[in-house]
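Asker: Residues per chain, in single letters:
There are 2 protein chains.
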Amino acid sequence: MKLTEYSQSALAEREQVLSQQYAEYKQAKLNLDLTRGKPSIEQVALSDALDGILKGDYRLADGSDSRNYGGLDGIPEAKALAAELLEVDSSQVLIGGNSSLNLMYQYLDFAMNHGLDGKDSAWKHTGAKFICPVPGYDRHFSVCEALGIEMIAVPMTGNGPDMDKVEALVSSDSSIKGMWCVPKYSNPSGETYSAETVERIAALSAKAGEHFRIMWDNAYLIHDLSDQPDSLMNIMAACAKQNSQDSVFVTASTSKITFAGAGMSFAASSVANLKAFKAYLSAMTIGPDKINQLRHVRFFGDLNGVKAHMQKHAALIAPKFAKSLECLEPLADKGIATWSRPRGGYFISFDSHLGLAAEIIQLTGEAGVKLTPAGATAPYGKDPENKNLRLAPTYPSLAEVEQAMQIFALCAELASVRKLLEA
Amino acid sequence: MKLTEYSQSALAEREQVLSQQYAEYKQAKLNLDLTRGKPSIEQVALSDALDGILKGDYRLADGSDSRNYGGLDGIPEAKALAAELLEVDSSQVLIGGNSSLNLMYQYLDFAMNHGLDGKDSAWKHTGAKFICPVPGYDRHFSVCEALGIEMIAVPMTGNGPDMDKVEALVSSDSSIKGMWCVPKYSNPSGETYSAETVERIAALSAKAGEHFRIMWDNAYLIHDLSDQPDSLMNIMAACAKQNSQDSVFVTASTSKITFAGAGMSFAASSVANLKAFKAYLSAMTIGPDKINQLRHVRFFGDLNGVKAHMQKHAALIAPKFAKSLECLEPLADKGIATWSRPRGGYFISFDSHLGLAAEIIQLTGEAGVKLTPAGATAPYGKDPENKNLRLAPTYPSLAEVEQAMQIFALCAELASVRKLLEA
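Heads up: the protein sequence lines correspond to chains A and B, in order.
Sequential numbering of the first sequence, starting at 416, is according to my numbering.
Sequential numbering of the second sequence, starting at 416, is according to my numbering.
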């Protein structure tokens, strides 16, 4: 029965029950953390063989020495592996350092301050706006803020961003210079962009002003929770059909495949785009860590090696997602919230229908369960409806996830009951 | 006897002898490279134990896990080691990725485009000029060019930059926002700044406009060729005496200690400076590769470990420098050139008194010996006197160094003789 259909006295009664449970949790002085999409200890341990895998053999297939200088855009072996993962040609690949976020920042700094096609093309001359599908990834929004790129929120639909809105915006304002996308198992909604969405995104640059760029953060490209993964249309292939390959900058990394923050990142784009970007990069670095690239290549071998490795991750985290959803199930008929049932990625996205995100975070925090701050999934940290919450169940143990999610569900209901009592 | 004192007929005779030797070298079709300061295969092999050194133990002393996210400015163990190396407090240290050049670029981008002390303080608002001691490091100059910082050349004296000139410039033009320094075994002159120079540099910010910064690239801080190393005054201590700690940004890396391009970089500055810089960095990265930091810490233990390791490097490269100087010795009484006799670092700096740098590079190139392009050691790649050449003897084998340097000495003399014949 929906809480909205409860009488005030029934609500008051329910409030008492929940408050008492809540008080008990509070007394337990727990310390649980669902804030960030971090792999667990067991997950990172899957890659422990990385250190030492070279066994003194630092030579690349082309005979060069990974221990010395040289190679602005990565070793050929790493490019080949990244090309397999991204389903592109290795000439369309660039290897970065330990952070794909860093590649994204650099690419947007390049576009904003240096110019994708010479100094005069720098976005700073006209100002730049970016379309930000919401809910989205807080660090994307931070990059825009740091670089002075204005953000325009567009809602997600379940099949990706609302493309009618996106197309209307892009067509009507040439200072919109690009768009953020997490196209598979999107952070945090978990949805995967439909083929139609991908095709419409590949067509955007024809409607947009000059030097428009799609930031295609394929962070969860192979991060499936089941053996029936979502299928994402290849954006580079979709762009090739429409001759818009220059308009997309694809990124991914092994941060949630091997070691978080000690893996390798990679990017894909047109050969022309990469050439221009490399000229920008050449002023600031000799190139990324080639030895770590070689370790990764030796560790995986090829795409099949990566896939087999990801099944081990899924075996560790799928039960945590299942348990989380199980804990949320009692809320299902209460009419106070909806949430995602992700088939991959790192998050459950939770929408409070009564606009109580901040209140729920406050309650759970006081009961020892840390959540991502309210508003984190929206540009400028401000969720106008105060509804979206991002839950990250991968890092804690299964028992901790269960406890944390039970408290979360309790707090979500308690906040709602109290809100309805006020009404 | 000086070539300038030769009669024209004696010059012509000498030209014939040298030309014949040169023709023989040319026929040998050699392929030797003295372009960049790269460690040799034997040098990088000194660090082969890095891969595998963790033996499955990825825990830090504070109990945290190097395999997971977190830590924008490095692990405490790495900070402690860097602090020992730089002779500062570990609170004044930040660990970067695999490239100190990247830290320098980022710091100057921060100052230029974002502002050392808030947006209004960004150098871009007034324009920025930098003092560049010449001869200097080409990649420093590239950073300035990429960021739109105008370069002003100031000559080196043997004790560091000409401080009378530097002080006069800084006092008279508040748009001079900083200065590059390679204070020990300077690239390429090999000189180490005297204590007086360091003290005067530490006093510069009092004479300069707001937000003035010394880029103190201590790339060769421990790269001694003998057991009687040069001694460099501690810039942070010198600044502390003058209350100018905010005016210096010190960088160094292990790139020429362990693996070139796969080591760790570090910076030192005032706590306030680092705090502001970290806020800038936080938008673009979760942090540098902690596992590689941990490898380095385990590999070295402490400063004594680094010192013992550097002695092995010296044993490998000191003979190459000695051989190079031996090959140049026949030029000593000819009055056509002078060169450095470095006690550390990676270069020999060679000045052609007749302004024949480009011609010498051309001649050696045609005989199969690649040298750094003429002008590389000056801002904008333009050496107005066409005199300075940078020789990097570390990478080739001792036999190759000997051959390359014999050819170089021959070409230097041949170019000079031909020039005098024209006169």
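Warning: the hint list may mix true and false statements.
The list treats identical chains as interchangeable, and a pair is accepted whether it falls inside one copy or across any two copies.
As the list claims (entries may be wrong) - Straight-line C-alpha distance at most 25 Å; calculated SDA-like pairs for lysine to any residue:
hint	residue 1	residue 2
1	Lys-693	Ser-557
2	Lys-534	Ser-590
3	Lys-727	Leu-469
4	Lys-539	His-626
5	Lys-470	Ala-723
6	Lys-693	Ser-424
7	Lys-470	Ser-641
8	Lys-534	Ser-685
9	Lys-690	Ala-460
10	Lys-727	Lys-785
If you're looking for bench data, these hints aren't it; they were derived computationally from the structure.
Asker: Run every hint past the structure and note whether it holds.
Answerer: Evaluated hints:
1. Lys-693 x Ser-557: This pair counts as both: shortest intra-copy Cα distance 24 Å, inter-copy 14 Å.
2. Lys-534 x Ser-590: Cα proximity of Lys-534 and Ser-590: in one copy and across copies (17 Å, 22 Å).
3. Lys-727 x Leu-469: Both ways: Lys-727 and Leu-469 sit 23 Å apart in one copy and 23 Å across, limit 25 Å.
4. Lys-539 x His-626: both (12 Å within a copy, 24 Å between copies)
5. Lys-470 x Ala-723: Close inside one copy (23 Å) and across copies (24 Å); limit 25 Å.
6. Lys-693 x Ser-424: For Lys-693 and Ser-424, the Cα distance exceeds 25 Å both inside one copy (67 Å) and across copies (53 Å).
7. Lys-470 x Ser-641: Neither: 34 Å inside a chain and 33 Å across chains, both beyond 25 Å.
8. Lys-534 x Ser-685: within (20 Å within a copy, 34 Å between copies)
9. Lys-690 x Ala-460: neither (37 Å within a copy, 33 Å between copies)
10. Lys-727 x Lys-785: Intra 27 Å, inter 51 Å, cutoff 25 Å: neither.
Of the hints listed earlier, those the structure fails to meet are numbers 6, 7, 9, 10, in rising order.
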